[in-house]
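Position chains B and C against the provided structure of chain A, taking the given hints into account.
Here's the letter readout for the chains.
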Amino acid sequence: MTGVDLPTPVPAERRLPAAGPSADPIRVWLDLDRRYHLSVYSLGLACCAVEFVALANASPPAADMAGPDPSGVGPPTTGLEAAQVLVVAGTVTDKMAPLVRRVYEAMPEPRYVVSFGACSDSGGPYWDSYSVAKGVGQIVPVDVYVPGCPPPPDALAHGIRLLRDAIADGTVTR
Amino acid sequence: MTVARRRGVIALLEENCTSCMLCARECPDWCIFIESHTEPVMPVMPVTPVMPVVPVTAVTPVTPPAGSGARQRTRNVLDRFAIDYSLCMYCGICVEVCPFDALFWAGEVDYAQVDLRELTHERDRLAGWLAAVPPPPAADPGAAEPGELSTLRGRNTGAGPTR
Amino acid sequence: MTAPGRSDAATDAAQCARELAVLCDGSVTAGFAEPIVDVAADRWVQSLTLARDRLGLGYFDWLSAVDELDQGFSVLCHLARVDLVGPGPQARPLVHLLVRTAVPRDAAALASATAVFSGANWHERETWEMFGIDFPGHPALLPLLLPDGFAGRPLRKDFELSARLARPWPGAKDPARAKGAR
Numbered sequence: 001m002t003g004v005d006l007p008t009p010v011p012a013e014r015r016l017p018a019a020g021p022s023a024d025p026i027r028v029w030l031d032l033d034r035r036y037h038l039s040v041y042s043l044g045l046a047c048c049a050v051e052f053v054a055l056a057n058a059s060p061p062a063a064d065m066a067g068p069d070p071s072g073v074g075p076p077t078t079g080l081e082a083a084q085v086l087v088v089a090g091t092v093t094d095k096m097a098p099l100v101r102r103v104y105e106a107m108p109e110p111r112y113v114v115s116f117g118a119c120s121d122s123g124g125p126y127w128d129s130y131s132v133a134k135g136v137g138q139i140v141p142v143d144v145y146v147p148g149c150p151p152p153p154d155a156l157a158h159g160i161r162l163l164r165d166a167i168a169d170g171t172v173t174r
Numbered sequence: 001m002t003v004a005r006r007r008g009v010i011a012l013l014e015e016n017c018t019s020c021m022l023c024a025r026e027c028p029d030w031c032i033f034i035e036s037h038t039e040p041v042m043p044v045m046p047v048t049p050v051m052p053v054v055p056v057t058a059v060t061p062v063t064p065p066a067g068s069g070a071r072q073r074t075r076n077v078l079d080r081f082a083i084d085y086s087l088c089m090y091c092g093i094c095v096e097v098c099p100f101d102a103l104f105w106a107g108e109v110d111y112a113q114v115d116l117r118e119l120t121h122e123r124d125r126l127a128g129w130l131a132a133v134p135p136p137p138a139a140d141p142g143a144a145e146p147g148e149l150s151t152l153r154g155r156n157t158g159a160g161p162t163r
Numbered sequence: 001m002t003a004p005g006r007s008d009a010a011t012d013a014a015q016c017a018r019e020l021a022v023l024c025d026g027s028v029t030a031g032f033a034e035p036i037v038d039v040a041a042d043r044w045v046q047s048l049t050l051a052r053d054r055l056g057l058g059y060f061d062w063l064s065a066v067d068e069l070d071q072g073f074s075v076l077c078h079l080a081r082v083d084l085v086g087p088g089p090q091a092r093p094l095v096h097l098l099v100r101t102a103v104p105r106d107a108a109a110l111a112s113a114t115a116v117f118s119g120a121n122w123h124e125r126e127t128w129e130m131f132g133i134d135f136p137g138h139p140a141l142l143p144l145l146l147p148d149g150f151a152g153r154p155l156r157k158d159f160e161l162s163a164r165l166a167r168p169w170p171g172a173k174d175p176a177r178a179k180g181a182r
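Protein chains in written order, with our numbering: chain A, 1 to 174; chain B, 1 to 163; chain C, 1 to 182.
So here's chain A without its partners, still in its complex pose (with noise of 0.2 Å):
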């Protein structure tokens, strides 16, 4: 068997805070705004929508929707033009497809997807519908599945997180 030729690995020392397997340097400084304020947009489609507006207006303000600050996320935002992350909480039947396609088109790129709920992960309970999408993966790229029916809003708290995480270090890019 032919050697295969591995890159280099970086040492840890000199390995940028951000990096990941493709990191590029001038991505690294735009990404470490996302770091640390992810601007979050909600598609509510049914009753996860309830539990993402139960997240965004706890009270007091749960850390991660506070806003901008090391360890968070900013507050919902209203205006697509500055979302960056497209929630999509609820069943996406086929004809709300088009509609969350034309949503996500809308949104200036970089943009991630977090699919909230079993239904939009694989259709969840209406996975055998007639009408129904099995999941909104079939109609937008996403980045993060979060598993619940309705995922209580400490679930959607720990997806965003884990979106961000994967952002910082590289596991998804868009």
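Calculated directly from the structure, the hints in this document are not laboratory data. Please note that a few of the clues may not be correct.
As the list claims (entries may be wrong) - Computed from the model, here is a short list of chain B residues facing chain C with C-beta under 8 Å:
(1) 19
(2) 21
(3) 33
(4) 36
(5) 37
(6) 76
Claimed, not checked - Below, simulated EDC-like cross-link-like pairs (lysine to aspartate or glutamate); rule was C-alpha separation at most 20 Å, straight line:
(7) 173/C / 14/B
(8) 173/C / 122/B
(9) 134/A / 94/A
Claimed, not checked - If you only want the chain A side, here are some residues facing chain C, beta carbon under 7 Å, derived:
(10) 94
(11) 95
(12) 128
(13) 130
Don't be surprised by glycine CBs; every beta carbon is placed ideally from N, CA and C.
Positioned in the frame of chain A, the structure of chains B and C alone reads:
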């Protein structure tokens, strides 16, 4: 944070599972995947203070007496037990229907994934969730004593609930 | 129990159903939560009009159908009497009942109820879309919920869900029949 009786992920206690398939059949989402096969029942080797040094190689299964009409005794061996949490709607029908108490609510909700296939939890991950299963709620102080305890205390006369 | 002099919702509903059956030449059966008045299909609009005008059943709740296989389709309409419901000495209990008719499977059609209750418009559109029952007299029988280009009548019992055909049922496995069984 795990609260008692919170509906989160479901844990599997594999020792209790007999592959009866009831959970897989009752699941409305078809999200439980069980594969198993049958094996003949082997005799239980008695443990004596002095075990033979030579290992026993030829072990024959327990065979029914000749002429009895009974078939070979078999037991179910679980090969695969998986729950697809991308489909699961946390209704709890599987937990309730299991006759052997092999499924438990574990209450954890933080297991989002980047890859959808990672949301199908196999046996080892389901067993790992057992650590998160909260203790059962305390018995009602006004309830009758459970049969197991009353038998132990010699109070079970077979005449109904005892205190 | 209700105070003497005040009527009970269930008895009122049963009474109302009997009166409607007499007016429309129909029959009464006990349903799960409310009485069901069966009427002939050619007296459908007339029955609904009498229910609204003579018996005060002026609240139209829903109209839909059930696929009864060999018996064709049953079209049901849920009506309620809501006037004078509430607190107070003059209050009357809420009375509701189902009006039902049978429609044959081939050439399924029933006169539209939109002339009696304009709220039946979308309900009849949905029933047409899901079961294929025609409602002559309806202003515009257009699809309501299904996406464009959808083929078939989904709520008919002979409509096959392609997802269930494509995916094997995990509960069909049997340990005794598995490979490796000894």
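query: Can residue 36/B be said to touch chain C, with a Cβ gap under 8 Å?
result: holds (4 Å)
message: Using the nearest Cβ pair, does residue 95/A come within less than 7 Å of chain C?
response: For residue 95/A, the interface hint holds, since the closest Cβ of chain C sits about 4 Å away, which is under 7 Å.
- request: Let me know if the C-beta of residue 21/B comes in closer than 8 Å to any C-beta of chain C, holds or violated.
  value: With a closest approach of 6 Å, the residue 21/B hint holds.
field: Hinted contact residue 76/B with chain C - closest CB pair below 8 Å
entry: Since chain C brings a Cβ to about 4 Å from residue 76/B, closer than 8 Å, the hint holds.
task: With a cut-off of 8 Å on the beta carbons, see whether residue 37/B makes it to chain C.
output: holds (4 Å)
- prompt: Should the interface hint for residue 128/A be scored as holding, given a Cβ-Cβ cut-off of 7 Å against chain C?
  reply: Constraint on residue 128/A satisfied, holds at 4 Å.
Cut-off 8 Å, beta-carbon criterion: hint that residue 19/B touches chain C: holds (5 Å)
- prompt: Is the hinted pair residue 173/C and residue 122/B satisfied, with a Cα-Cα distance of at most 20 Å?
  reply: holds (17 Å)
- prompt: Going by Cβ atoms only, is residue 130/A closer than 7 Å to chain C?
  reply: holds (4 Å)
query: If you draw a straight line from the CA of residue 173/C to the CA of residue 14/B, is it 20 Å or shorter?
result: holds (18 Å)
task: With chain C as the partner, please determine if residue 33/B meets the hint condition of a C-beta pair closer than 8 Å.
output: Holds. Min distance 5 Å.
- prompt: Holds or violated: residue 134/A with residue 94/A, Cα cutoff 20 Å?
  reply: Holds, because 10 Å separates the two Cα atoms, which is no more than 20 Å.
Figure legend: structure checked against the earlier numbered hints; every hint is met.
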